[in-house]
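Asker: As a plain string of letters, each chain reads:
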Amino acid sequence: MIRTEEMLLNVGPQHPSTHGVFRLVVKIDGEIITEAKPVIGYLHRGTEKLAENLQYTQIIPYTDRMDYISSMTNNYVICHAVETMMGIQVPDRAEYLRVLAMELNRVASHLVWWGTYLLDIGAVSPFLYAFREREMIINLLNELSGARLTFNYMRVGGVKWDAPEGWIEKVAEFVPYMREQLKGYHQLVTGNEIFINRVKGVGRYTKEDALQYSLSGANARCTGIKWDLRKDEPYSIYDRFDFDVISREGGDAWARYECRLAEIEESLKIIEQAVEQFPRAGEIMAKVPKIIKAPKGEAFVRIESPRGEIGCYIASDGKKEPYRLKFRRPSFYNLQILPKLLVGENIANLIAILGAIDIVLGEVDG
Amino acid sequence: MIQDLLYSSPSLANFGIFFLLATVFLFVILGFVTYAILAERKVMGFMQLRHGPNQVGGRWGLLQTVADVLKLLLKEDTIPKLADRPLFILAPAIAFAPAFMVVATIPFTDSLQFADIGVGLLYYIAVSGLTTIGIVTGSWASNNKYSLLGGMRAAAQMISYEIPLVMSVLGIILLSGSLNLNEIVEAQKDGWFIILQPIAFIVFLIASVAELNRAPFDLPEAESELVAGFHVEYSGFRWAFFMLAEYVYFFAMASLITVLFLGGWLPLPFLGFIPGAVWFALKFSVVVFLLIWFRVTFPRVRADQLMEFGWKVLLPVALANIFLTALLKELLNAF
Chain A
632 MIRTEEMLLN
642 VGPQHPSTHG
652 VFRLVVKIDG
662 EIITEAKPVI
672 GYLHRGTEKL
682 AENLQYTQII
692 PYTDRMDYIS
702 SMTNNYVICH
712 AVETMMGIQV
722 PDRAEYLRVL
732 AMELNRVASH
742 LVWWGTYLLD
752 IGAVSPFLYA
762 FREREMIINL
772 LNELSGARLT
782 FNYMRVGGVK
792 WDAPEGWIEK
802 VAEFVPYMRE
812 QLKGYHQLVT
822 GNEIFINRVK
832 GVGRYTKEDA
842 LQYSLSGANA
852 RCTGIKWDLR
862 KDEPYSIYDR
872 FDFDVISREG
882 GDAWARYECR
892 LAEIEESLKI
902 IEQAVEQFPR
912 AGEIMAKVPK
922 IIKAPKGEAF
932 VRIESPRGEI
942 GCYIASDGKK
952 EPYRLKFRRP
962 SFYNLQILPK
972 LLVGENIANL
982 IAILGAIDIV
992 LGEVDG
Chain B
-17 MIQDLLYSSP
-7 SLANFGIFFL
3 LATVFLFVIL
13 GFVTYAILAE
23 RKVMGFMQLR
33 HGPNQVGGRW
43 GLLQTVADVL
53 KLLLKEDTIP
63 KLADRPLFIL
73 APAIAFAPAF
83 MVVATIPFTD
93 SLQFADIGVG
103 LLYYIAVSGL
113 TTIGIVTGSW
123 ASNNKYSLLG
133 GMRAAAQMIS
143 YEIPLVMSVL
153 GIILLSGSLN
163 LNEIVEAQKD
173 GWFIILQPIA
183 FIVFLIASVA
193 ELNRAPFDLP
203 EAESELVAGF
213 HVEYSGFRWA
223 FFMLAEYVYF
233 FAMASLITVL
243 FLGGWLPLPF
253 LGFIPGAVWF
263 ALKFSVVVFL
273 LIWFRVTFPR
283 VRADQLMEFG
293 WKVLLPVALA
303 NIFLTALLKE
313 LLNAF
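Sequences listed follow chains A and B, in order.
No gaps in the numbering here: position 353 of the first sequence is 984 in this note's numbering, and each next residue is one more.
No gaps in the numbering here: position 172 of the second sequence is 154 in this note's numbering, and each next residue is one more.
No wet-lab data here; the hints were simulated from the structure.
Using N, Cα and C, we set each Cβ at its ideal position, and we do this for glycine too.
Take every hint as true, because none was put in to throw you off.
List of simulated lysine-lysine pairs, DSSO-like, C-alpha gap at most 27 Å: (1) K658(A) / K127(B); (2) K971(A) / K127(B); (3) K680(A) / K927(A).
Here are the in silico distance ranges between beta carbons for each label pair: (4) W275(B) / E637(A): 35 to 43 Å; (5) P647(A) / A108(B): 32 to 40 Å; (6) A263(B) / T821(A): 35 to 43 Å.
Examples of chain B residues toward chain A, derived with CB under 8 Å: (7) M29; (8) R32; (9) A197; (10) P198; (11) V209; (12) V278; (13) T279; (14) F280; (15) P281; (16) V283; (17) R284; (18) Q287.
Next up, chain A with everything else stripped away, as it sits in the complex (with noise of 0.2 Å):
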């Protein structure tokens, strides 16, 4: 008598397209899977435990290493909750830098994930092509702040340095070099008809199905929720700015490929009227204590990451140090949706859906 068995694959924690140590433990039979289980945690350190016992300056460097990708955003967060409970009012230039860094740092991020997503796909070449640009933005952020990667720039009540000479008319000559070249990443890649097919109505779920698991980003976006903190809770200056909330009604893997392309195009609006408005001169950092004591009592404070809503919630008891940190990270919650996406897929898609969700290990695992 015939008989078939289950397979149990091990996909990662040393898989090339689980961006990281990412482990998905998927039944399958044949090629359709039936159950999948993601195992997590081996980036773990423990990053709002490590807080309790540093002042707040000092945890700043930890959570450029969160989301990696992003750091700016990271470090914007825990900022904002600081100078929400200690009521800072942060200078205008100031504020400038940090949204042009966000910004920068946002179409950054959706570049590494366009690339890599495209990999994942099976082409080669798109990731060389985002990783250009990436480089240009990598090189203005390290000139504003020292590093490459983990920029630790945002202060509480300012930023760590002011633009050099010059910077600023670097970032307005990039703006219109990066719409040229997002017209040939839809030339390469969007008309494509085998990407079409590979993207288009994979991993679809409804506006409930993201309400429900709380997804956020372009994760929710893609099903037509227009829900953009920037815009529905503008934190720092973006009410100045005029943009859209880019939104997609799909709710598959294309839906979220086309939401952040465009997203890319807004944010460059955004960098584009930051550098028109920013203001010449100007303080950069806000008088604040020598020691950065946060009042007794509590914060929430979330915004806009590339990946998502990112949240910082600080109860502190008015030491130099918090009592309790604890950072909403998107890609965690992005990430809890995937084994409903995945059972009854083709194993085939796994790679296709995994990678549309945009994880990066780092803030999956905290």
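With chain A fixed as given, assemble chain B onto it according to the hints.
Answerer: Relative to the frame of chain A, chain B by itself:
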């Protein structure tokens, strides 16, 4: 010369000559493989804003592949504990021997051909199908789930694409009236088959890329899905054998496309003073470049879509092409 030798009585001298010729030919192919890999890396580098190899062997990296092969020779040869040892060792040989066997039938010029077989085309297609057995054997013997998936994909892909490949060639056979590759080239004196058989050319090109397991049809070794597919467990020189087979097929298939569709060694009009070998090399290089270009540009097709495309699109188109060719031929003959 080779023909005469084939029909002469067997002797030790003849055997010696054959052996020598085969060795020379082997080195020609290995030389090609060496520089095809370099060319591929250089072209890919050029298209991907990189330099490609530029350290070993001067600024063009001329000795890069040699260095790579030496490294592979020195690498430890690992065989998994639970692998099927005899099959594991045998598989690379099964995969790579047919690759050399098919090259013998390719006519490079009107005089340079190693085996002028009456049914050369049939021979090519039949023998090249054997390689898949090597791949499936290797993937099964490795006792690895990823390689098993890769091997199964390779088998399914081979069956789905061999058929349109053969079907597309039938149009050419109808026009040339022969399965002999020499005669097929001669039949293109008045017009290359790429012009007379454009549909067949497109079907053949797509199917041949799938046959070669190259991007966008590189599913059996899809790096991002199956880690390395059928050769996950292979290392060192056994792995090199698989790669070697792949590149020799690359060479053979590019040659075959040149012979079938681009008129082999035949020159363009008014340029007959340039020798046939140069023409062959030129057309061949164009095909190689095209195949590399494919690899750089396209994402990978999904396994089930690949099957669908093979059976639902390529096969009917190829069949329609045969029908159309036969019809047109009869009509033209009638008037």
